[in-house]
Amino acid sequence: MLENDLKFLEETFKQYYFDHFDLIHVPDRSKEREYGYKKFNSGMIRHMSLKTDKDLHLMLMTNVPSDVFCSNGYYSFPNLPMAEKDWIEADLIFDLDAKDLNLSCSKDHTCMKCVSCAEISLVQDACPKCKSNKLDLVSLPCQNCISGVKKEVLNLVKILTSDLQIDDKNIRISFSGNEGFHVYVTNSSYNQLGSNERRDLIDYIKFQSAMPERFGFPKNNPSRTSFPDLGDSGWSGRVAKELFGSKSKRSKTITKIISDGQVAYQQKLEEMKNSIGVKIDSNVTSDIHRIFRLEGSLNSKSSLVKLVCQDIEKFNPYIEACLIEDKPVEILANFPIKFSLKNTKFGPYMNEKTSVPKYAAAYMVCKGIASISDT
Amino acid sequence: MISLGQDEIAKYPFLAEAGQYLKDKGFTLEQFATDPDLKIIVDKAYERIESAAEDKTYYPELDDPSEKETTLPLNVFSFLIAIVLLKLSGLNTLINKFSLAEARRAEKFLQRDLVSNSDKTSEEFAIKIFRDIFSVTIKKTGDYFVIPIPDYLKHAVNFHEREWKLVNRHVENGMVFLSPRESVRLIRWKLSGYIGSKIKSANTPSMSDGFEDKVKRLSALAKKFVVNTVVTGAYPPCIEHAIEVLNKGENLSHSGRFMLATFLLGRGQTIDEIAPLFKNAPDWNEKVTRYQIKQLSGETGGSKTKYVCPSCEKIKSNNLCYITPDCDNIINPMQFGKKRL
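Just so you know, the protein sequences line up as chains A and B, in that order. With positions in the first sequence counted from 1, the corresponding number in our numbering is that position plus 24. With positions in the second sequence counted from 1, the corresponding number in our numbering is that position plus 1052.
Only chain B is shown next, with the shape it has when bound in the complex:
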């Protein structure tokens, strides 16, 4: 466990052991639910979740001297009470939004710490977070940070923008060069995952009257995020192309067949509907085709694995992508034509 000073805990409250922290400061959870003087903290905690739900980052001025001197570090307590409220609400949508917003907040501090040439301790602490929490060894080289390629790839695959692809990075001697902003951005998903998993694994306290109203309001807040979608019947261009190739009696590669069958299975078509599409293939064998589609559907096979349609990226690397503007930045063909109501 990383040892934390007062400054660090305010910037990165998710690194603290919540229960232990309250105890060390001489508080109980009950006090927050009942003591009117502490109500301001519960209000702040609610605001923190609310702004996360609106995709805003809660970013109080930590440099405010009054905050530093106070015996009650508002930032840390409001974070811990926010977790209590989230646990009591049990709403995963809000936990995920909160984790992402908190990750963004921490990102700003991390970035500032990485470039704070005057403050070596902060820089070392930020590098330590990379190493201890995310197993990423970063080293400063001039204005850049360098990261071993395997470490980079483990995190960069979470991004769909082309700029994060290794081919679009400065690579030298097994290392990827990143600016401080990019270094921190690289671990955003892991950071929010880390915060989310800490929240999800925390014990749920029992409900107190003082929290009940806030928890109810959270439930109302979460209703906004239920999204209804409708799928138009249209096929994406990659699937259209694959069908066209088969119709012409030309050979469709193994990965093309995999893509087509998993896509149609995903759209709810049956083996009887899918198998005839392959009948013009040069190596058509109905029994084999039906067997293979059945395997993909998870109906048979040792592991009963249901295979899903590959991502656009994978399709692209197999030269099966025929992107059109209608694709509209989707990352998987299954999303083609999906519209929010």
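Chain A extracted, bound-state conformation:
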């Protein structure tokens, strides 16, 4: 990152932290958690312990981190090396991201940045300037992406509360600060589960590895009555809804399924993970030692805040999680796509110097598609 940009982001982040102590708190059982942070242009520092809000605020002011993390795990000795921490339990956590939904809108708001020459262009096979094929994709997610992820979050919450019988008082949803949402389940009987057990739970939630036998189609002599019903609980009911649509189509569809054979049915179930499985990030949920972005902190991939959502359906991250001031800042921008923050549209920019509110400048610099102007 260029020196000007680095200085700008550090100042901006520091100002945000100073102005928003009211939003940044240590979570419950803070003494048992591990904390970590990253600074701009440097690696991760972890295995830290912070006991109170005051400790946290002091850390923010002293180090001006680009990203702050807190463990989902609880330990007897959170600041010791991993093997000596003495793991007690871990909250169940989920990460749902727009990039995992393969939405058709993504081509409209994704551009690429060449790793070799930093040229930014529309997505193509090689860099138009230096022909290198080492390219990074940059996405500026839109409202459609956010609506897509919200739908996934609501499906997840439905499975958590009905199939898994988790009390909704123990479920907390946060905007991740970039392209999706984080879901926490605290104080549940699932906290004690290890990584392998969580992996099985992940396959359940994603609807992976379903067997035709379980969903009514044994190898020999399939019976029409054993197929799932629309009124069934759990996956049976959801599969029935996906397969038949309505009760009146059940019989006809079953006839077809049986005549197509078990292998075709297996294939159908396999494909259903894309339509009815919830698209959670397996690596996050299976990790019982993860340090997960702290609520109230800024995400250096976007400069938006990771924010708890009281009402996810109404939540608009591009207004509510954009908390940096709007003082004008001169930037040099060159990218072929557009985005919207605080109801204002920005971009595309053709290698131009322009003045934008600080929150938009921070967003573009974090995304790597603009620089702070020298003059």
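These aren't lab readings, by the way, just hints derived from the structure by calculation. You may find that some hints are simply not true.
[Unchecked claim] Straight-line C-alpha distance at most 25 Å; calculated PhoX-like pairs for lysine-lysine:
no., chain 1, residue 1, chain 2, residue 2
1, A, K78, A, K62
2, A, K137, B, K1300
3, B, K1356, A, K62
4, B, K1339, A, K63
5, B, K1368, A, K292
6, A, K273, A, K292
7, B, K1358, A, K109
8, B, K1252, A, K158
9, B, K1300, A, K131
10, A, K137, B, K1331
11, B, K1368, A, K62
12, A, K230, B, K1366
13, A, K155, B, K1300
For this one, chain A is given, so just place chain B on it according to the hints.
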């Protein structure tokens, strides 16, 4: 500790405190080694281990009335003496086989007790074993038993068959529905682990002449189980695919890189051999790559943890599995191409 009646101790002898039981019945270990009248028990004990070694379940008819009336519960004593012989032999292979066979034997009784509608005491006792020994709360609901999902998962992860995956189970309101057979099957590994740990933690008695011959025969028996394997040089399809992705200069996910590096380290390759594979990756940086492989190998890093190749299941959930018939039901890529001699 669960309090045991005569019937229960015969079905589940591993719940008894061995030393105390012998004492209560007025016997010493020495008597079993020397008294010719008790030799039949030592013979039975040996047979019990032998059948376990052959993967058979020792399953005497407990309903035989003569057994019930005798003052000498053959089943319990033969179990206790089998443990003495195993301890004297010190052979872990046999202890593990014996524990598994005994778990299977107990499983049959547990299953019968769970469905014995006429005998409430047996049913309650079986449920108590689930709760007290395995911390699993099971409840009867019609023809099924229901188990809280977290309890189910803790045990089900020991199985590799897809039918045990939660997605292939009837789940309702936080509970998993299981048949009596499945409920008991669920705890088999824990049951055999429980029996094994009881045997391993028991004191080893001193050798008596009367046991020596049997212990020697056990050593001969155990030799059969030494398995020699050979590994062919072939890579499993998941690894082949990962290498192909890198060769094409496409991006391989973090978990894919982890899988590839841990696999090759596990096959004995050096960092110098592995690092160049990543040179076509879009974010290639030799220093970083070498550092990361070194971390995985356990050569550096605070905890010096040596990371191992993830299981097929984990690879599958990361969408990195490209299974072919050659995989032959392996559960970890490291087993690919391993053949018994």
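Verification of the supplied hints:
{"no.": "1", "hint": "A:K78 / A:K62", "in the structure": "holds (19 Å)"}
{"no.": "2", "hint": "A:K137 / B:K1300", "in the structure": "holds (20 Å)"}
{"no.": "3", "hint": "B:K1356 / A:K62", "in the structure": "holds (23 Å)"}
{"no.": "4", "hint": "B:K1339 / A:K63", "in the structure": "holds (21 Å)"}
{"no.": "5", "hint": "B:K1368 / A:K292", "in the structure": "holds (18 Å)"}
{"no.": "6", "hint": "A:K273 / A:K292", "in the structure": "holds (17 Å)"}
{"no.": "7", "hint": "B:K1358 / A:K109", "in the structure": "holds (18 Å)"}
{"no.": "8", "hint": "B:K1252 / A:K158", "in the structure": "violated (57 Å)"}
{"no.": "9", "hint": "B:K1300 / A:K131", "in the structure": "holds (23 Å)"}
{"no.": "10", "hint": "A:K137 / B:K1331", "in the structure": "holds (20 Å)"}
{"no.": "11", "hint": "B:K1368 / A:K62", "in the structure": "violated (32 Å)"}
{"no.": "12", "hint": "A:K230 / B:K1366", "in the structure": "holds (14 Å)"}
{"no.": "13", "hint": "A:K155 / B:K1300", "in the structure": "holds (16 Å)"}
Comparing the model with each earlier hint shows violations of hints 8, 11; every other hint is respected.
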